[in-house]
Every structure is written in C-alpha cells, then in structure tokens.
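Chains as they are written, first to last, in the numbering used here: chain A, 183 to 525; chain B, 96 to 263; chain C, 760 to 1392; chain D, 5 to 105.
Just so you know, not all the hints are guaranteed correct.
[What the hints assert, rightly or not] Heads up, simulated DSSO-like pairs for lysine-lysine below, C-alpha to C-alpha not over 27 angstroms straight-line:
#1 A/LYS331 to B/LYS259
#2 A/LYS217 to A/LYS249
#3 C/LYS1123 to C/LYS1289
#4 A/LYS249 to A/LYS331
#5 A/LYS196 to A/LYS294
#6 A/LYS501 to B/LYS259
[To be verified] A short, non-exhaustive set of chain A residues, derived as facing chain B with CB atoms under 8 angstroms:
#7 VAL296
#8 LEU300
#9 ILE303
#10 VAL322
#11 SER341
#12 ILE345
Hints in this document: simulated from the structure, not taken from any laboratory.
The structure displayed is predicted, hence computed values, not measured ones.
Just so you know, even glycine gets a beta-carbon here, dropped at the ideal spot from N, CA and C.
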Amino acid sequence: MSELMEALITMLVKVGVVFATLLFVAAYLVWLERKVIADIQVRWGPTRVGPFGLLQPIADGIKLFFKEDLIPGHVDRALFLLAPALSVIPAFLAFAVVPFGGTTTLFGLLPKPVPMYLADIDVGVLYVFGITSLGVYGIVLAGWSSNNKYSLLGGLRSSAQMISYELSMSLSVVGVLLLVGSLRLTDIVRSQEGFLLWPLPKWFVFIQPVGFVIFFTCALAETNRAPFDLPEAETELVAGFHSEYSSMKFAMFFMAEYINMATASAMATTLFLGGPLGPLGPSPVWFVGKVLVLLFVFIWFRASLPRFRYDQLMTFGWKRLLPLAFANLIVTAVAAAALGMGG
Amino acid sequence: MELAIFAGLAAVAAVSGVLVVIQRHAVYSALFLIITMGALAGLYILLEAHFVWAVQVLVYAGAIMVLFLFVIMLLNLPREDVPWRPDDFRRILIGGALAVVLVGELVLALLFQAGEQAPALPASPGFGTTETIGRLLFTEFLFPFEVTSVILLVAIVGAMVLAKKQLL
Amino acid sequence: MIDLWWIPIWPLLGFLLLGFFGRRLRKSTVAAAACGSVGLAAVASLVAVGGLLSLPAGARRVEGVIAPWIQVGNFQADWGLLLDPLSAVMVLVVSVVGFLIHVYAVGYMHDDQDFPRFFTYLNLFTFSMLMLVLANNYLLLYVFWEAVGLCSYLLIGFWFERPAAAGKKAFIVNRVGDFGFGLGVMLLWTTLGTLHYEQVFALAPTQLPAGGGLVTAITLLLFLGATGKSAQLPLYVWLPDAMEGPTPVSALIHAATMVTAGVYMVARSSALFNLAPLAMGTVAWIGALTAVFAASIALVQTDIKRVVAYSTISQLGYMFLGCGVGAYASAIFHLATHAFFKALLFLGSGSVIHALGGEQDIRKMGQLKARLPHTSRTFYWAALANAGIIPLAGFWSKDEILAAAFAGHRYLLWALGSAGAFMTAFYMFRLYYTVFEGKDNLDPPAAHQVHESPPVMTYPLLVLGAGCWLVGALFGFPPDHGLYHRFVEPVFAAAGTEPHAISPEATLGLAAVATAIAALGIWVARAWYKTGDNPAPAQAAERHLGLYRLLWNKWYVDELYTAAFVEPIRRGALWLWQRFDEEMIDGCVNEAGEMFRDAGQLLRRTQSGYVMNYVLGFLAGVVVILGYLAFRG
Amino acid sequence: MTVPLSAYLILSAFLFFLGVVGVATRRNALIVFMCIELMLNAVNLSFVAFARSLNSMAGHVFVFFVMAVATAEVAVGLAIIIAIYRNRETVDVAELNLLKW
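Next comes chain A alone, as it looks inside the complex (with noise of 0.2 angstroms):
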C-alpha cells in the first residue's frame, strides 16, 4: 500500500469518524435537551420510544425525512434551498482543525499512531472563527428568502448579533494566543500541559477565567443560543428565520444549530480546558467528557435564563463585554510582558 493511499485511507476514515459522531451528536443533544430540561423542569420529559425516549430521535428523523417538503410560492426559490445547506456546512467543516485527542493506534490495531484530528494547519485559530463565521450565511439568507417579515427581522438580527459579539469573542482568545504565540490548535492544547500548581492543571481557564466566561457567552450568542436565541424566538417571530421551513430543511438547520453548539464546546475545551488532555486513560474520553459538560451547560443556560430584549442584547455585547474583553486582553499583554510569559 502506497504511503498516499494510506494516508487517504486514514483521512477519509477519520473523516467519516468525524462526521457520523457529529450527526449523532446532533440527534443525541436534542434528546438530551428535551430530557435535561423536563428534570429541571420536573417533568419526565420523552419516553414512549424505546427506553428513556432514547430511540426518539431516531423516530423525530424519520418523521421528517418523510415529511412533505413545502416550498412556499413567494420564496426566493433558489436562495430558499441553498439557505440550509449553507447553514449546515460550515458547522461541519469547522470541526476539521479541532484536536479530539492525542494520537492512536485503535488498540494495536493501525500499524502505526494516527494523530486524532483531521487537519492541522498553522492559522487553526483563525480556521475555525472564520468558517464559523460563514454559518450566519445560512440563516441570514433563509431569513430574506422566505419573503416574510418575520424571517427577515430573524436574519437581521442575526448578521447584527453575529457581527456584534464574534469581535468580543475574538478578542477574548488573543488572551490566551498572547500566552501560547501560535494559531495552531495543537500547539495550544500542548502549551496546557503540566501543571499550573498542583492539583491544578496548567489550562487557560485558569489563567484566563475572564477570558472563557467571555468566550462561553458569546459562543452562547453566535450559536444563537438562550438567552440570546433572538433570531429564531418563537414568542415574537414565530420561529424567525426558519418558520417557512419545513421536513428535512427544518431538521438542517437544527442540526447546524446542534453541532455548532458542540463546534463551540469543542473550542471551549480545546481553548481554555485542555482540550484531550486528562491524567489517565483515553484522551478522546476526557475530551468527550468536557464536552458534554460545557453542553450541559448550554442547555442549563436556556433552561434557566430569560430572553434578552434586543436592545439589551446589543447593548451588552457592545458596552460591557467588548470593554470587558479589552480589558482583559490589555491585562493579559502586560502581565505577560511584566513576567515573561508571552509566547
């Protein structure tokens, strides 16, 4: 076997590795959501298929693959189709840099360690803010191709809540490239290693606290996410951009918004928690685990927070968390250059 063929043998396998994780994560997260909130809400929550509902995404899938697909008459026809996907690829792609473990041979099953991610390239940072920022695509556009007002104020909020807080977000990152001096996702995930003072990991978290609550909340925003899930908030929109959208486009974007949510968990984790890293045993379990945690946390959030009014929402990410981040990021560079820490 060619040393290419194997390496695009190995990639393409992890590809689909990848991506199958990713649409059942999709389909899991929601079930986990409807379960998490119905206990904080007391409430049982689904449970007709299979055991604790586990089946029901499966049956929630089913039904909308076979779903009639309504194309409205007004639309923007092919705008209209194109919204979709354009919403949900960019949710994939960007998961291509993000470092899921360290390396392995599949239990002495590979001849020789494969690296657990499928890219690694020097601007990873930038890779994944930028495809990321492309997803806006998707709602923007499905918002304006509905041809209804409801759809478009969806997406307008949208591109503004999105162009708003990726600033913050951005600037809550540098903090920590200050410290490590690269883009690269894996340089970032080794510069966590050891200890900060023991038993206390060396992870940005803890260095950087106000850097990640920024980050966690704007990644709260840019997933559109309670409290700030204004585009698509059913009380006032009906829906927002998605309302003229039915079966299997419907169910499109709900995935884009599930794994863009597991896309900014992953970030989360590989930016301030270590990413893989864990004392023993498998890093990919550890890095798994943070996840979950930092989903949980997501769905705690819309469980437990009202909606942010619209101005409010602006006015927070422009007068408090843009100053804040500044802050801390002007902190960060001179503490750095007072104790030599830069990267």
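Chains B, C and D: place on chain A using the hints.
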C-alpha cells in the same frame, strides 16, 4: 494537479465575478461576490498565503459581506426594475469601452513585463505564516500599521456619526 | 546733574491715569490729577531752571539721555533731553501758564460731560509740548511736533457732536507745513548725517557754505513747518477756525504754547538760519506781513475769540519778524510775554462767554464792566499789554523787536511793524470798549443770568494779570541788559548771532514813537467805541465799503484757497473716483469676474451631480495615466 | 509553483475589469460598492501572487493594509448609504444628483 485546481478556482472566481456585475438584485450580487472571494481564498492557499487566506475568510466573507447583506436586508430593496434612463446606454457604452481599454493596457503591460519575470523562487521557511507577517508589521511596516489603526478609528467615529438619525 | 525727565513725567502719568481710569474717577479727583500733574511739572521746571542758573553763565546746558531709541548704521536718535536757557524759558512758559490754564479749565469745563476726556487730552498735550521743547534732536522734536498737532486736532474737535470741520482743517493745513518740516529734517540728515542739535550746529558752519543753496533749502523747509504750526502766511487759515474748540484750549494751545513751537524751532535753529540770509529775509518779511495782515482783519471782526485769534497770528508775526532780523532773544521774550497776556485775553474772553452762556458776538455784549469786575480789569491789563503800553509786558518785547528791525536798517519792516502796532492798539480797545463799556446790547434772556466766574477761574486771571505787569519790566529792563537777556543771549551768541548796535538815545526815541503810536490807536478806539453810539465806525465803513468788505471777509483768503486748492483737488479726486476707480479699476475687476463666470457657466455643465459621470471621468484619467506609464518606453 | 505568475495576474486584471465595469455602469449604490470590493480583491490577488513570485512577504502586509482600509471604507460607506436611503428612499445613484449645478 495544482494547475487544475487553479483553473477550477479561477473559473469560479471569473464566472461569479461576472455574475456580481450583471445580477439584477443586490442579494445575488453579494452572494456571488462571496463566492468570488471564496475562490480567491482558495487561490491564496495555492500561493501559500495562509494568514491572508484566514483573514480573507474572516474579514471579507465573515464580516464585510455580512455587513453588506445586513444593509441590503435593512433597506429591503425591491428588485431593480427601474426603467432605463436615456443616458444609461451611453454611460454603459463609455464605461465598458474605458474598462476594456484599461484592461487591455494592463494585459499589454503585463505581456511586456512577463518576459523579464524570473522563475518563482521556492518559498522560504516561514513564508505566509502569521508570525512572519506579525514581525513585518511591527518592524518594517510599523508606521503604516499605526496609521491603519487611525484610519479604523476615524471610520468607527464616522460610521457612528453618520448612523445618527438626525443626520441629513 | 539735573534729571530732566522729572519734568515731563508728571503730565504723562496724569494722561495715563485719566486715559485709562478717567471715566471711573470723581470729577474732583480728575481735576486734582490733571492740575496736580502740571503743577508738579511746573515745580520740577522751576527746580531744574534753578539748577541751571547755579551754573556759570557760559556753561548753562544740561543734557541727558533717557533711553536709546533708533540706532541704524551710524545714525542715532535717542530719547534725549536738553535744558539750556532757551528751552528753560519755554519750559517755564509751558508749565506755569499751562498750570494756570488747567486750573481755569476746571471751572470752565465743569459742566461738560466729557470732563475726564478733556483733561486727558490736555495732559497729553502738556507732556508732548514739554517733550517738544526739551528734545535734544530734530527727530524727537518732529515726533512731538506731530504729537502736539494731534492733541490740537483732538481738542479743536473736542465737541465732536458738532460738525468738526475746524479740526480737520487744522490737521490738513498743518500737514502742508509738516511735510515741509519733514523734508527739511530729512535733508538735514542726508547732508550732515546727524539730527542731534549739538552736532548739527557744530557741523553746520563747516559743512554748509554760508548763503549756499543747501542751507537755504533746509531753513526754508523748516520755516515752512513753522508757518504751518505758528499760523503764518500763507498757512494761517486754520487758527481762526480752531476757535471752535473750548476756550482753555484756545488759550493754551492756540495762543500760549503750541503755536509758538514754530518760533521756538526757528530760534533753536538759529545757527542754521544765520547761515542763510535769504531764509532770514523770508522769515522777516513773512512775519511782518502776517503781523499787519492779521491785524487788519482783526479790526472789523465781531467774534470775540476770533479777534483775539487774529491778534495771536499778528503777534506771532512779530516774533518771526524778530527772528528774521536776528533778534532771536527778543522774539522768544515776546513769545513769553505774549503767552501771559494772550492767555489772559483768551481766558478773559472765555470768562465773558461763560458769563453770557455761550454768546461770542461782541455786537450782543456791552456794559459788562460792573457785572464782571475781575474779568474786565484783567482784560483791560492784557489789552494794554498787547497794545504795548509801558510798563506792561508787551511793550518791552515788542519794542525790542521793532528796535532791532530799525537797528538792522530794515526800515520798511519797522514801518510795517509800527503800522501793525497801531492797528493792534485800535482793535484791542475796540474789543474792550465794545464788550465791557459802550451800550448794553445783551439778549434779554442772557442779560440777567450774567455773573462773574467762580474763583477757580478768576484767580488764574489775576495771576496772569500780575504776570502782564511784572514779566516785562522785571526781566526786560533795561533793554539788552536785563535779567532775561543776560540769561538767554549766550545761546544765540554761541550760534553766531551778531547783536545790533543801537544807541541808547535811539532806543528811547523808538520807544517813545511806539508808545505814541499805541496811544493813538487806543485814543481812536476810545473815541469811537467808548460810548457805543458814535456813528464814526459805521461812517468809516460806508466810506471805504470795498476795504471794509475785504477785511470783513478776511481778504477772501479762504475763498481763494478753496478756489485754488480745495476745489481742484476735490474735482480731481472726483474724477479719479468716478472715471479712474469706478470705470477702470472696477471695470477690470468686473470684467475679470465676468470672464470667470462665463468660464464657470461652461464648466458647470460638467458638474452633472451624477456620481456615475464623475466615475467615468475618473476612469478616463486612470486610463490615460496608466497608458502613459505602460507605454512610455 | 507550477502556475505561472501571469495567470494570476490575468485573472486579477479580469476581476479588476469586472469591478470597473460594474462601478461605471451599475446604478444601485450597493452593487457599485460591491464592485469596488471586487476591484480591491483583484488587487489583493496580484499582491499575493507577486509576493509568492518574489518570495517577499511585503505583499501580504499590503493585503493586510488593503483589507483594513476596505473595512473602514465599508463601515463608512454603508453608513452613508443608509443615511441617504433614510433621506431619499433610494440608493439609485442616478437619482442622487443634489450636487447638480
């Protein structure tokens, strides 16, 4: 292989560039512009300009074009069905002619110069990386870099002033 | 060493104080500051002159430089002061008479709303005049020459709510003279390279050939300045009109001090004039003619102040006559005595005007002697002094001038002077008898408000009156050897002036003739005007109607000037305005404007307001530039 | 690099040409604006291509500057377009002729 990728991306860029200009609705123009930019981003990877690629995606596709779409939607313009004005044809004719002459000049100049073009050197280590660009920005190009920050500040202030309702 | 700057500093301080804070001070404070500053200057002058007297007769000269001023190349002019017997006399006259007039003005101007402004100007004038006479070089003299001119202008036009043509007239006429003076100073400088008195007078005899064209030109130009400032033919016309100003101003500036600056300047430049016989002759003739000419006009005028003003011009003529015949000391002596009696005449007139509520026409006066006892008495003394009756002040000085003319064998000049003396006696007593005796012609409303002036006005009158009695005899007797002459003569002797030999018998004889002439004039005036109903004056006027009209209209000089200078200049200016300025200059400008407007009319078609068109233009430019860059070679 | 520099440059010139045509002919201010962006992108492409060809990073730095300026331009330009639209209810540049003589 590389040539094939280039040909594909160039074709995408050129075709969608044409479509940017001839679309009747601004939303489609914006979309095709995004596609053009995406194709250019691909070409940047071919040219080993990774940082530029990332910034292209992040700034142009991620921010500037979102802003364009935002404005298009905010204004919610109807399709461009305004009637032709008598001078439209003349203008298009003159403009097109001038543009043809311009590009002709560019290509001619290019052909004159192309013969003298030395074969490309192999990329030196560190070419196109964030680190190299950062070092250049903070050493050789420090002053323009600072000036850029002033420009951005001015733009922020200008945009905020313009966006005030009382204006005009 | 005497510090001379103590003299002018007080009026300067007074000027600054009143100028900046005058409006906020109480009237009494203003009066005290104004009079006090001049009084202190008078005291300082007396001290300085006392110091000068303590020096030996040949070395009475104090010079001091306050500060350097201009230093260009080898030219130097300083803020330098000089006190010698000549300037000592002037300083005393200016400060003492000035002080008395200041005091008088406090009463006279009491009800004026611009009281502080008046004294501001007056103090500025006193300062400038003191600097003028104390200056030790021609440039400083020139500066303050102009400064007193400015004060004169300001004070003539003091009541600017009224039409103030007189101030402008004075200013413009003085410009003619000052232009000459300025040219003279410049010529002096280009010739000798210095303007410092001491150096000029030392260099002049060696550098300038006696009787040469250069020195004649310099002295004639200087004298032109003097005729302007001292109101001589042909530039006297401003002085009678200057009587529009307040009476204390007339007394101080237009009788006692400023108008004598020309005489002082000629006397100061005696070393130059002695080198230029032609200029001397001109000075003498101008002086004599002015003396007679002005006196003849004074014979028939009916405005009390104008009579006195023409008298002033006439008396200034005598002073120039004195200078012209080489009797500088006598001229300056006459200047000093004249300051007393002419100031007194003006102040007396002012007192009368004040008493009559502003009335100046002598045909509406009469029988005021009893109601204005102090005024009439002092006015009578001054009239006697002016007429030249022994032993009053005017007799001594005027007689000396006439005697000098006679002794210099200038009999025609002497005859003119004597004729003038007769006229002087006549018009002075015509004035006196008409105003204070004669018939009561007062307007009824003014009649019972007539009152003697307050003491603040009458005391200066009395002091000046005493001066009329004393100054002449005390300093002028015996002629040629009195205190005054022994004090002042060395200055002029040092400048090369030759004394005129005249026998004591001749002196006595001339004095007798002069007194007789004056007495004759007084007698005629008494005969015609004492009772106020003598028809003789009217008959005389009828009989010589042409002459009378000529005098009444002041020889038609104003009309002549109007026709000869004012109108041509006016018409020329009108022509320049309407033809040259409006048609040519404005025409060119308008035409240029039209041109650009037309060009703009064409060009504005390119400004379509459509951005697209601009973009096309921009694009065309890019194509051209790029084409050039791509294919230039 | 197997793709010749001139290929990049011709693509760049073509995109620039498209931008010019768009700016000169379109009446929708937003599209005009986008065509300006297209021109900027064309220039960026030639910068990067030259940078690779000459093995000099200065081209990348210039692209960075161009992008910064483009961002500033878009912010201000779009704000102006919004202000104009509020006032005139149009973004048709052919109707914006307030500066007409």
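Against the structure, the hints:
1. A/LYS331 to B/LYS259: Within the cut-off at roughly 24 angstroms; holds.
2. A/LYS217 to A/LYS249: holds, 25 angstroms
3. C/LYS1123 to C/LYS1289: Answer holds: C/LYS1123 to C/LYS1289 is near 15 angstroms, not above 27 angstroms.
4. A/LYS249 to A/LYS331: holds, 25 angstroms
5. A/LYS196 to A/LYS294: holds, 15 angstroms
6. A/LYS501 to B/LYS259: holds, 17 angstroms
7. VAL296: violated, 24 angstroms
8. LEU300: violated, 16 angstroms
9. ILE303: holds, 7 angstroms
10. VAL322: holds, 5 angstroms
11. SER341: It holds, given that the least Cβ distance between A/SER341 and chain B is near 4 angstroms, below 8 angstroms.
12. ILE345: Given a least distance of 6 angstroms, the restraint on A/ILE345 holds.
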